[in-house]
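Engineer: Listed below are the residues making up each chain.
Number of protein chains: 2
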Amino acid sequence: MDYAKLMEKKSANNLSAGPAIILCEPQLGANIGTAARAMGNFGLEEMRLVDPKNGWPNEHAVKAASGATHIIDPAVVYQTTEEAVADLNFVVATTARRRDMNKQVLKPESLAREMIRRIDAGQKVGILFGREKYGLTNDQVALADAVVMAPVNPAFASLNLAQAVLLIGYEWFKQKSDGSLGRETEQEEASREGLELRDSRPATKEELLGMFGHLERELDAGGFLRPVEKRPAMVRNVRNMLTRAEFTEQEVRTFRGVISSLTRVHERRGE
Amino acid sequence: MDYAKLMEKKSANNLSAGPAIILCEPQLGANIGTAARAMGNFGLEEMRLVDPKNGWPNEHAVKAASGATHIIDPAVVYQTTEEAVADLNFVVATTARRRDMNKQVLKPESLAREMIRRIDAGQKVGILFGREKYGLTNDQVALADAVVMAPVNPAFASLNLAQAVLLIGYEWFKQKSDGSLGRETEQEEASREGLELRDSRPATKEELLGMFGHLERELDAGGFLRPVEKRPAMVRNVRNMLTRAEFTEQEVRTFRGVISSLTRVHERRGE
Numbered sequence: 001m002d003y004a005k006l007m008e009k010k011s012a013n014n015l016s017a018g019p020a021i022i023l024c025e026p027q028l029g030a031n032i033g034t035a036a037r038a039m040g041n042f043g044l045e046e047m048r049l050v051d052p053k054n055g056w057p058n059e060h061a062v063k064a065a066s067g068a069t070h071i072i073d074p075a076v077v078y079q080t081t082e083e084a085v086a087d088l089n090f091v092v093a094t095t096a097r098r099r100d101m102n103k104q105v106l107k108p109e110s111l112a113r114e115m116i117r118r119i120d121a122g123q124k125v126g127i128l129f130g131r132e133k134y135g136l137t138n139d140q141v142a143l144a145d146a147v148v149m150a151p152v153n154p155a156f157a158s159l160n161l162a163q164a165v166l167l168i169g170y171e172w173f174k175q176k177s178d179g180s181l182g183r184e185t186e187q188e189e190a191s192r193e194g195l196e197l198r199d200s201r202p203a204t205k206e207e208l209l210g211m212f213g214h215l216e217r218e219l220d221a222g223g224f225l226r227p228v229e230k231r232p233a234m235v236r237n238v239r240n241m242l243t244r245a246e247f248t249e250q251e252v253r254t255f256r257g258v259i260s261s262l263t264r265v266h267e268r269r270g271e
Numbered sequence: 001m002d003y004a005k006l007m008e009k010k011s012a013n014n015l016s017a018g019p020a021i022i023l024c025e026p027q028l029g030a031n032i033g034t035a036a037r038a039m040g041n042f043g044l045e046e047m048r049l050v051d052p053k054n055g056w057p058n059e060h061a062v063k064a065a066s067g068a069t070h071i072i073d074p075a076v077v078y079q080t081t082e083e084a085v086a087d088l089n090f091v092v093a094t095t096a097r098r099r100d101m102n103k104q105v106l107k108p109e110s111l112a113r114e115m116i117r118r119i120d121a122g123q124k125v126g127i128l129f130g131r132e133k134y135g136l137t138n139d140q141v142a143l144a145d146a147v148v149m150a151p152v153n154p155a156f157a158s159l160n161l162a163q164a165v166l167l168i169g170y171e172w173f174k175q176k177s178d179g180s181l182g183r184e185t186e187q188e189e190a191s192r193e194g195l196e197l198r199d200s201r202p203a204t205k206e207e208l209l210g211m212f213g214h215l216e217r218e219l220d221a222g223g224f225l226r227p228v229e230k231r232p233a234m235v236r237n238v239r240n241m242l243t244r245a246e247f248t249e250q251e252v253r254t255f256r257g258v259i260s261s262l263t264r265v266h267e268r269r270g271e
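Residue numbers (my numbering), protein chains in the order written: chain A, 1 to 271; chain B, 1 to 271.
Worth flagging that the hints you see were computed from the coordinates, not collected in a lab.
Hints may be right or wrong, so weigh each one.
Said to hold, decoys possible - Within a straight-line C-alpha distance of at most 20 angstroms, the following computed EDC-like cross-link-like pairs (lysine to aspartate or glutamate) qualify:
{"no.": "1", "chain 1": "A", "residue 1": "LYS133", "chain 2": "A", "residue 2": "GLU25"}
{"no.": "2", "chain 1": "A", "residue 1": "LYS107", "chain 2": "B", "residue 2": "GLU82"}
{"no.": "3", "chain 1": "B", "residue 1": "LYS63", "chain 2": "B", "residue 2": "GLU132"}
{"no.": "4", "chain 1": "A", "residue 1": "LYS230", "chain 2": "A", "residue 2": "ASP220"}
{"no.": "5", "chain 1": "B", "residue 1": "LYS63", "chain 2": "A", "residue 2": "GLU132"}
{"no.": "6", "chain 1": "B", "residue 1": "LYS124", "chain 2": "B", "residue 2": "GLU59"}
{"no.": "7", "chain 1": "B", "residue 1": "LYS107", "chain 2": "A", "residue 2": "ASP178"}
{"no.": "8", "chain 1": "B", "residue 1": "LYS124", "chain 2": "B", "residue 2": "ASP87"}
{"no.": "9", "chain 1": "A", "residue 1": "LYS107", "chain 2": "B", "residue 2": "GLU109"}
{"no.": "10", "chain 1": "A", "residue 1": "LYS63", "chain 2": "A", "residue 2": "GLU132"}
{"no.": "11", "chain 1": "B", "residue 1": "LYS53", "chain 2": "B", "residue 2": "GLU109"}
{"no.": "12", "chain 1": "A", "residue 1": "LYS63", "chain 2": "B", "residue 2": "GLU132"}
{"no.": "13", "chain 1": "B", "residue 1": "LYS53", "chain 2": "B", "residue 2": "ASP139"}
Said to hold, decoys possible - Computed footprint of chain B on chain A; a stretch qualifies when at least three of its residues, placed anywhere within it, have a C-beta under 8 angstroms from a C-beta of chain B:
{"no.": "14", "stretch": "35 to 46"}
{"no.": "15", "stretch": "202 to 210"}
{"no.": "16", "stretch": "218 to 229"}
Bear in mind the structure is a predicted one, so any value in this text is a computation, not a measurement.
C-beta atoms are modelled at their ideal positions from N, C-alpha and C, and glycine is treated no differently.
Construct the entire structure; sequences and hints are all you get.
Structural biologist: Below is the structure:
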């Protein structure tokens, strides 16, 4: 472990060295505080809160943070999960159970590698944690590029919020501070770098959500997203399958061009 | 992960499949409870308590255990740490700081490997956790065969009791349920296998090319793939970005539905 080197690199890069931890609709201030403490234990600093149920700032959070005020104080509150991920390039949803979504499922240790690789490449990464009792909604999971599940005893699988944050932070810190990361995955990295993304940076979630909004408005107009009770699941399916492609900013514009072109087809045919 | 196989092996061996978790002089019942919950998350069952400061049984412990009564109820109380480790073959002390003792220092993952090896060989293993504020005394550490230290942010190193138990349990369960000790490609395999494709098989190239043909016919009709000398590159770009999503057979059909719907938009608007 070489923490000093890590911190040096972090400030040299002028980048947050870790992912944003995004707590969606947390219910208890104390859980926000213990989550902040767990972040501090593993050098994570950026906390985002989506619609915390007991308001913000919250004195119970400060107390439970056991001194992690450098994390609690600058935490930013968002009204929706969409807003909280808008500037990010890669978003991962934590979940305790399998979901019927076609998304890559990572273990915490593979996630740590993936995050380090992306952050080193200049991407902004965030991890979504759901509310204490229910976890993330399917719509929140659909915003993510991948899902992370920790291996737990299936007969007793409920981790509390701070513990879920702790495991993610632990694996991240372990691999980051090992410094051994690059060696074994060098080849793998090289082959991933082969992916042609040279024309453009990865799309932000805001750009992607704008594209989805465009597509869904046209699909509504075309009567595709019916009956209405099936609309949420259909929207999730389409978002999931296109999210997996990890469009660049240029590709988002291309795809929006495709949508516009397709909706013009019959106008032109009529000319 | 193959939990069923793990449990089968456990009962076949007629041994506790995991180490005993020994809490030395814990101060708060609530911490004993959350530690029990963390044990349950990772299939650890044997809790030993040395001189719990607020007596035993303790209703705060039961409440904080969130249902882990199968761990709390049979927990055994000892008056001294010596008595608590008397029947064990291999004892490990958790500590947050280096001690001036000539003992092997393990990381949680090496400890997990060591424990699995010893328990498989019929040994009884236990892990000592100190009281919340001060950790283990030097005398307690001296009872141990080895010391385990988790890699944490040295500037914010204090883990609470349940979180320390959680990390040990997590590494143990991860390696035990992997069945993969030391196979370096395990992670990569797991993450590749991780894509959930439950509704459908991966699309064949024939299906994918059929979808591309459908899309490109409509894009030609909409005038998108112009000028003609740029058409091949544009087609490649669109194919590349959609190929990356690795559609299933069902998703290919969904996407063809999307194309058809979009091209019908203006017909319907005109109705």
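Engineer: Against this structure, judge whether each hint is valid.
Structural biologist: A quick look at each hint next to the structure:
1. Straight-line distance between C-alpha atoms of LYS133/A and GLU25/A comes to about 11 angstroms, which keeps the hinted pair within the 20 angstroms bound.
2. Our distance criterion of 20 angstroms between C-alpha atoms is broken by LYS107/A and GLU82/B, whose separation comes to about 38 angstroms.
3. At most 20 angstroms may separate the alpha-carbon atoms for a hinted pair to count; LYS63/B and GLU132/B meet this at roughly 19 angstroms.
4. Note on LYS230/A and ASP220/A: the hinted pairing holds, with a Cα-Cα distance of about 12 angstroms set against a maximum of 20 angstroms.
5. Straight-line distance between C-alpha atoms of LYS63/B and GLU132/A comes to about 16 angstroms, which keeps the hinted pair within the 20 angstroms bound.
6. Between LYS124/B and GLU59/B the alpha-carbon distance is near 30 angstroms, which puts this suggested pair outside the 20 angstroms criterion.
7. With a C-alpha separation of about 11 angstroms, the suggested pair LYS107/B and ASP178/A falls inside the 20 angstroms cut-off, and the hint holds.
8. Between the alpha carbons of LYS124/B and ASP87/B the distance comes to roughly 7 angstroms, so the proposed pair stays at or under 20 angstroms and holds.
9. The suggested pairing of LYS107/A with GLU109/B holds, with an alpha-carbon distance near 15 angstroms, which does not exceed 20 angstroms.
10. The straight-line distance between the Cα atoms of LYS63/A and GLU132/A is roughly 19 angstroms, inside the 20 angstroms bound, and the hint therefore holds.
11. Between LYS53/B and GLU109/B the alpha-carbon distance is near 31 angstroms, which puts this suggested pair outside the 20 angstroms criterion.
12. For a cut-off of 20 angstroms, the pair hint linking LYS63/A to GLU132/B stands: about 17 angstroms separates their Cα positions.
13. For the hint pairing LYS53/B with ASP139/B, the CA-to-CA distance comes to about 19 angstroms; that is within 20 angstroms, so the pair holds.
14. Counting residues of the stretch 35 to 46 of chain A whose beta-carbon sits less than 8 angstroms from any beta-carbon of chain B gives 6, enough to reach three: the coverage restraint holds.
15. Check on the stretch 202 to 210 of chain A: 0 of its residues sit with their Cβ under 8 angstroms from a Cβ of chain B, so the three-residue criterion for coverage is violated.
16. Coverage of the stretch 218 to 229 of chain A by chain B holds. Counting CB-CB distances below 8 angstroms, 6 residues qualify, and the rule asks for three or more.
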